[in-house]
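Whenever a hint applies, use it, and build me the whole structure from the sequences.
Chains A and B, in that order, give the protein sequences. Counted the way the numbering used here counts, the first sequence spans residues 535 to 969. Counted the way the numbering used here counts, the second sequence spans residues 5 to 248.
Just so you know, the hints here were simulated from the structure itself, not pulled from any lab data. Predicted, not measured: the structure shown is a model, and the values here were computed from it. Cβ atoms here follow ideal geometry from the backbone N, Cα and C, with glycine treated the same way. Among these hints, one or two may not hold up.
[Stated by the list, open to error] Computed spacing ranges between beta-carbons, pair by pair:
#	chain 1	residue 1	chain 2	residue 2	range
1	A	H801	B	K112	36 to 44 angstroms
2	B	D209	A	S544	19 to 27 angstroms
3	A	R816	B	Q140	55 to 63 angstroms
4	B	D209	A	T566	17 to 25 angstroms
5	A	R571	B	S94	14 to 22 angstroms
6	A	L582	B	Q183	23 to 31 angstroms
7	A	R571	B	K178	30 to 38 angstroms
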Amino acid sequence: MTGFKVFTASEITFCYLPAILLSYAPFKAIATKKQKRILFAAHLTLLLCNIIFLLMIQIFLDKNVVSSGWLTKLDYHIVGLTVIFINALVIKGYVKEHLFTYGIIANCHYLILSFSTYAAVMIPELRPGEIYLAGTVIDISLLMLSYMPIRIMLQKTVEPFLHMDSEEYWRRVWFIPYMMFCAMFYSVPLKENMINGYQLVSCVFISFTTIFLCYIVAEDRKTLMKKQTMEEMLSQSKLYYSGLQVKMEETKRARHDLKQIFVRVNHMVEADDKPGLVKLCRELEVRSLEKAEVPYTGNGAADSIIYHYMLKAQEEKIEFKYQGTIRSERVSDMDLCVLLGNALENAFYGCMTRKNKRKITVITQTEEQIVSIVVHNTFDGKIETKDNILLSRKRENDAGGIGLASMHEVCKRYGGTMEVKWDEDKFMVLFLLPV
Amino acid sequence: MDSSLKFAVCDDVLQERKMIVDLLQEYMDIHDYSVKIDEYDTGEQLSAEATPVYHLVFLDIFMENTDGIQTAARLKEKNPSTQIVFNSVSNEYATQSYEVNALNYLVKPIQKEKIFSILDKYFHMYTSLKMLNYRQNRIDEKIYVSDILWIEAGDHKSIIHAKHGDIPTSTLLKNLAGQVDEKEFVKPIRYAIVSLAAIKEIPSDVLVLTDGTRIPISRSKRAEVSQAFKDYKMKKILQKGGII
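The structure is reproduced here in structure tokens:
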């Protein structure tokens with residue numbers, strides 16, 4: 535009998551494994567190696583403690599989980615809340631995100647548990663122990679099958695919003711999945727590990743509605759963010775266009791000047807005015823041939839954004855240099871704007887922390903397979919962080935990040951990569967994107 | 005100085021061409037260097053198959069019927085180590101010149117000081133090129149590190165896969181690896197060290213080199229290879245932008 539108790543305690547604990555893995559998965563990219571190690575150890579300890587807890591409770595109360603629905607229910611809640619607590623404690627600054635993530639997982643897994651319990655009961659001629667075993671087999675199989683769909687769901691609803699600019703999103707949605715899970719959990723009394731058809735249908739409705747609701751809210755948020763970026767892009771393109779118009783006027787004037795020079799040269803040749811010609815040549819040689827004031831990288835979106843920050847830098851007397859080209863049809867204009875916009879915004883406010891030697895340099899390079907972009911700027915050397923996240927110093931009392939997560943997400947989507955480095959007075963960001 | 009060095013000057017305006025050649029000659033005389041200098045008036049002639057490979061080329065961007073940037077791209081394709089110096093009446097095309105990794109961009113009128121400073125930079129670069137020593141058929145040999153794509157370990161020997169072909173050596177991989185700069189090479193797998201300059205695609209689980217070779221990256225080395233590649237790229241771009 536003790537053997538069976540050990541088996542049930544281990545089996546129930548084993549079923550928590552997919553939930554633990556899934557609860558960590560969206561934060562994998564932002565967790566440091568140390569945090570990963572701590573999480574691994576903490577979760578392993580939790581699982582071992584849970585086996586002991588279930589075993590002890592079965593022995594001391596002389597109950598078994600097969601007949602005691604309340605025991606599994608209590609355990610489910612304790613483990614779930616402990617996982618959220620551990621994750622929130624180790625990967626700090628994401629309490630709402632952890633709650634939301636676990637809420638989604640709990641919804642799906644509780645639905646699976648309800649279904650497997652119901653399916654096992656429906657199998658004819660099974661004794662209670664056999665029903666429990668059949669339910670366990672169905673439950674484990676479904677947990678394994680559902681791993682990837684839940685992972686995809688988390689990729690769509692959690693990962694794109696793991697940066698500080700998405701605070702508003704989390705304020706609105708964090709409680710939905712966990713509260714819905716609680717609603718489902720307490721509405722279905724798994725007294726003796728039994729569930730009827732109506733209760734199962736209720737679980738299906740609650741669970742699917744939650745997933746659908748979260749998905750829709752996430753998609754709406756993404757659309758809104760896209761719209762905002764598009765609007766920004768459009769205003770920058772307009773600005774760039776006005777810059778081009780000025781440049782065209784200058785070119786027209788230069789063409790006019792050239793014609794005048796031809797006329798002067800012609801007169802001098804006719805008058806055999808050699809000293810005059812020599813003087814004119816010298817005059818033309820010393821005329822400064824300055825670099826075009828309108829950037830041209832070969833990519834309209836990049837040009838608009840560089841021009842926008844070039845003007846902002848000029849206003850603040852920040853030296854601004856750019857060089858190189860960007861030729862990649864694979865990277866969308868909007869994503870390029872996210873990368874350059876965030877990097878240049880940070881560079882601009884980084885420069886503003888200095889009183890002198892303010893300089894921003896954008897260097898791009900298009901090779902056969904890789905587009906490299908470096909945004910380099912001077913700053914006062916002070917880096918502010920919160921929970922390992924670099925903070926923007928745009929405004930005082932502003933707790934916003936510097937958009938690293940969104941830049942990282944864009945690079946990752948294209949199979950590219952990024953790197954952030956700084957020393958005592960320089961800050962630089964590198965993007966490597968496949969062409 | 006190595007007398008096999010070859011320079012070319014390509015400009016459709018004879019006077020401009022002569023001026024550059026004269027200044028080059030003056031520099032060589034001052035420093036007692038022996039360099040062969042050829043002249044071309046079109047990009048087609050310069051980039052033709054039969055034309056020898058040049059170490060340094062002074063190239064006009066606007067020539068009649070010739071686009072200097074395209075010519076430079078063809079020259080780089082023929083020999084990636086050819087160094088290009090563009091000369092033009094304005095710096096409007098300076099941005100595009102970075103696409104072909106130009107050594108410098110000269111704005112006409114040509115100034116002696118500017119040409120001399122470019123030549124100083126070139127010769128400094130040339131003389132500081134690192135060599136790798138290896139043993140082949142009991143004879144000590146050398147190869148420019150910049151010519152190496154990757155080195156493969158064999159049984160009691162190594163194969164240097166260079167730009168111009170494979171070189172079997174009797175030197176052990178660890179002895180060859182000890183001679184190269186750790187920031188320029190990476191070891192993705194037990195049996196190979198790879199030049200970071202030869203990597204064509206962003207590393208994932210495999211390294212794709214410029215000659216198409218694919219070298220697997222062992223799981224434990226993926227983060228290290230990716231970091232080394234990013235550091236290398238950052239350094240090169242900052243160098244190119246004159247920041248470091």
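Verification of the hints:
Judged by the Cβ atoms, the range 36 to 44 angstroms given for A:H801 and B:K112 is violated: they are separated by roughly 25 angstroms. About 35 angstroms separates the C-beta atoms of B:D209 and A:S544, a value inconsistent with the hinted range of 19 to 27 angstroms. Between A:R816 and B:Q140 the beta carbons are some 60 angstroms apart, a value that agrees with the proposed interval 55 to 63 angstroms. Under the hint 17 to 25 angstroms, the C-beta atoms of B:D209 and A:T566, about 22 angstroms apart, fit the expected range.
At roughly 58 angstroms, the beta-carbon separation of A:R571 and B:S94 lies outside the given 14 to 22 angstroms, and the hint is violated. A:L582 and B:Q183 have their C-beta atoms about 51 angstroms apart, which leaves the hinted 23 to 31 angstroms range violated. Here the CB-CB span from A:R571 to B:K178 is close to 31 angstroms, well matched to the stated 30 to 38 angstroms.
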